[in-house]
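Residue numbers (this note's numbering): -3 to 195.
Note that these hints are calculated values from the structure, not bench results. Wrong hints could be hidden among the right ones.
[What the hints assert, rightly or not] Calculated cross-link-like contacts (lysine to aspartate or glutamate; reagent style EDC-like; alpha-carbon spacing at most 20 Å):
(1) 186 / 119
(2) 117 / 106
(3) 194 / 141
(4) 152 / 141
(5) 147 / 48
(6) 159 / 49
(7) 103 / 49
(8) 28 / 160
(9) 159 / 141
(10) 147 / 71
(11) 147 / 10
(12) 2 / 48
(13) 192 / 100
(14) 159 / 48
(15) 186 / 163
(16) 28 / 71
(17) 152 / 55
(18) 159 / 41
(19) 192 / 141
(20) 152 / 163
(21) 65 / 55
(22) 65 / 138
(23) 134 / 107
(24) 124 / 163
(25) 152 / 10
[Unchecked claim] Beta-carbon label-pair distances, calculated as ranges:
(26) 137 / 165: 17 to 27 Å
(27) 132 / 0: 34 to 44 Å
(28) 186 / 64: 37 to 47 Å
(29) 3 / 173: 13 to 23 Å
(30) 1 / 183: 23 to 33 Å
(31) 66 / 123: 39 to 49 Å
(32) 3 / 172: 42 to 52 Å
(33) 130 / 41: 26 to 36 Å
(34) 138 / 95: 37 to 47 Å
Virtual Cβ for every residue (Gly too), placed ideally from N, Cα, C.
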Amino acid sequence: MIYSFKGHIPVIHESSFVHPLAAVTGNVIIGKNCYIGPGAAIRGDWGEIILEDGVNVQENCTVHMFPGKSIVLKEGAHVGHGAIIHGANLGRNCLIGMNSVIMDDAKIGDECIVGAMAFVKAEATFGKRQLIVGNPAKAIMEVSEDMIAWKTAGTKLYQQLPKDCHESLREVEPLREIPKKRPMQEDFYKTLQEMKSKN
């Protein structure tokens, strides 16, 4: 659902997809080919939130801030299931792992990877291409070319998803029996280890 708040109406590019069970409120700008999953809450009630092109915010994520702040999720930022971004800025083509928390005024650099369930403290700053894990989160190594290639390939799937959702996602009544020729989805995703072994 899309909500206005105190005169602010979200601006969402027509190529992007916001699931009907997500909530986008107020001073929010969403660029091209972005995906917002069910249960996500992007709350621009107290400040401005900008999602640049190709960003995905997955199921049950929260993006919010303290009053008067403006935050940016830069091009290709990838926010995994259940993560919380509270007043933090995300660099280009970064990955925020599932159920991680990024606190106020933190800065995650371009092409960083934040591990699942990490806790990034307020005002923490990480430069480009850092692997960030733990509670409190620390950079433990530089992100490799293999890791960036894997991350970018995964994000491309989510950049295709808005088009697929616009074309084929429909609310329906469930079938009561399994069809005899039930189609299977294509296996087109490779884990990081599979990508490394292929190379």
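Hints, one by one, checked against the model:
At most 20 Å may separate the alpha-carbon atoms for a hinted pair to count; residue 186 and residue 119 exceed this at roughly 34 Å. Using a Cα cut-off of 20 Å, the hinted pair residue 117 and residue 106 holds, with the two alpha carbons roughly 18 Å apart. Taken as a hint, the residue 194 and residue 141 pair is honoured in the structure, with Cα atoms around 14 Å apart against an allowance of 20 Å. Proximity of residue 152 to residue 141 is assessed by CA-CA distance (about 16 Å); at most 20 Å being required, the pair is judged to hold.
Simply put, residue 147 and residue 48 have alpha-carbon atoms about 17 Å apart, close enough for the 20 Å limit, and the pair holds. A C-alpha spacing of about 14 Å is found between residue 159 and residue 49, which places the hinted pair at or below 20 Å, so the restraint holds. The hinted pair formed by residue 103 and residue 49 meets the criterion: a straight-line CA distance of about 19 Å does not exceed 20 Å. Only pairs whose Cα atoms come within 20 Å are accepted, and residue 28 paired with residue 160 is accepted, the gap being roughly 14 Å.
Proximity of residue 159 to residue 141 is assessed by CA-CA distance (about 28 Å); at most 20 Å being required, the pair is judged violated. A hinted pair counts as satisfied when its Cα atoms are at most 20 Å apart, and residue 147 with residue 71 qualifies at roughly 13 Å. Our distance criterion of 20 Å between C-alpha atoms is broken by residue 147 and residue 10, whose separation comes to about 25 Å. A C-alpha spacing of about 23 Å is found between residue 2 and residue 48, which places the hinted pair above 20 Å, so the restraint is violated.
Distance hint between residue 192 and residue 100 is unfulfilled; the C-alpha atoms sit about 35 Å from each other, more than 20 Å. For the hint linking residue 159 to residue 48, the alpha-carbon distance of about 17 Å falls within 20 Å, and the restraint holds. The suggested pairing of residue 186 with residue 163 is violated, with an alpha-carbon distance near 25 Å, which exceeds 20 Å. Note on residue 28 and residue 71: the hinted pairing holds, with a Cα-Cα distance of about 10 Å set against a maximum of 20 Å.
Of the supplied pair hints, the one linking residue 152 and residue 55 holds, its CA atoms being roughly 17 Å apart against a limit of 20 Å. Distance check on the hinted pair: residue 159 and residue 41 sit about 28 Å apart at the alpha-carbon level, beyond 20 Å; violated. Straight-line distance between C-alpha atoms of residue 192 and residue 141 comes to about 10 Å, which keeps the hinted pair within the 20 Å bound. Distance check on the hinted pair: residue 152 and residue 163 sit about 17 Å apart at the alpha-carbon level, within 20 Å; holds.
The hinted pair formed by residue 65 and residue 55 fails the criterion: a straight-line CA distance of about 24 Å is larger than 20 Å. Restraint check: the Cα-Cα separation between residue 65 and residue 138 comes to about 30 Å, which exceeds 20 Å; the hinted pair is violated. With a C-alpha separation of about 16 Å, the suggested pairing of residue 134 with residue 107 holds against the 20 Å cut-off. Between residue 124 and residue 163, the direct Cα distance comes to roughly 36 Å. Violation of the 20 Å bound is thereby established for this hinted pair.
Of the pairs offered as hints, the one joining residue 152 and residue 10 holds, with about 18 Å between alpha carbons and a cut-off of 20 Å not exceeded. Between residue 137 and residue 165 the beta carbons are some 38 Å apart, a value that contradicts the proposed interval 17 to 27 Å. Look at residue 132 against residue 0: about 37 Å separates their beta carbons, and that is inside 34 to 44 Å. Residue 186 and residue 64 have their C-beta atoms about 43 Å apart, which keeps the hinted 37 to 47 Å range intact.
Checked against the hint of 13 to 23 Å, the C-beta distance between residue 3 and residue 173 comes to roughly 51 Å, which is inconsistent with it. Between residue 1 and residue 183 the Cβ separation comes to about 42 Å, which falls outside the hinted range of 23 to 33 Å. For the pair residue 66 and residue 123, the beta carbons lie near 22 Å from each other, so the given range of 39 to 49 Å is not met. Against the hinted window of 42 to 52 Å, the Cβ-Cβ separation of residue 3 and residue 172 comes to about 48 Å, which satisfies the hint.
Our hint of 26 to 36 Å for residue 130 and residue 41 holds, since their Cβ atoms are close to 31 Å apart. The supplied range of 37 to 47 Å is broken by residue 138 and residue 95, whose beta-carbon atoms lie about 24 Å from each other.
Taken one by one, the earlier hints fail for this structure at numbers 1, 9, 11, 12, 13, 15, 18, 21, 22, 24, 26, 29, 30, 31, 34, listed in ascending order.
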